[in-house]
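Enquirer: Sequence:
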Amino acid sequence: MRLASRFIPRETILASVDTYELVEAYPDDKHLPSYLLLARHGSEALHVLFAADIEGDNVRVVTSYRPDPREWQPDMKTRGRKP
1 MRLASRFIPR ETILASVDTY ELVEAYPDDK HLPSYLLLAR HGSEALHVLF
51 AADIEGDNVR VVTSYRPDPR EWQPDMKTRG RKP
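So the sequence shown is numbered by our numbering: it starts at 1 and just counts up by one.
No lab work stands behind these hints: they were computed from the structure. Hints are supplied without guarantee of correctness; some may be wrong.
[Unchecked claim] Pairwise CB distance ranges, derived in the manner of DEER restraints:
#1 Pro74 to Lys30: 19 to 25 Å
#2 Pro27 to Arg6: 15 to 21 Å
#3 Val59 to Phe7: 36 to 42 Å
#4 Phe7 to Arg70: 19 to 25 Å
#5 Ala15 to Pro74: 21 to 27 Å
#6 Thr78 to Ser43: 26 to 32 Å
#7 His31 to Pro74: 20 to 26 Å
Since we're looking at a predicted model, the values are computed, not measured. Every residue, glycine too, gets a C-beta built ideally from N, C-alpha and C.
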């Protein structure tokens, strides 16, 4: 099943916290400011989108995924492939 193969366990997201790098910030997102971060887990690149509830002192994972190398530069932080 494709969805099962795309699953990123919570433990992987938490274990990668020391590698987080800001990719994009969305301070005016609809409900809460959010931030796309690059994480590295071993040799694997992951993107994690967090929403920050500053008033509630809470951070939430909105989604996480493995970035498609066809859509990102090799650094996995810059959108768009160069021809």
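Enquirer: None of the hints should be skipped; say for each whether it holds.
Expert: Quick rundown of the hints versus the structure:
no.	hint	verdict
1	Pro74 to Lys30: 19 to 25 Å	31 Å, violated
2	Pro27 to Arg6: 15 to 21 Å	28 Å, violated
3	Val59 to Phe7: 36 to 42 Å	21 Å, violated
4	Phe7 to Arg70: 19 to 25 Å	21 Å, holds
5	Ala15 to Pro74: 21 to 27 Å	23 Å, holds
6	Thr78 to Ser43: 26 to 32 Å	19 Å, violated
7	His31 to Pro74: 20 to 26 Å	33 Å, violated
Figure legend: structure checked against the earlier numbered hints; hints not met, in rising order: 1, 2, 3, 6 and 7.
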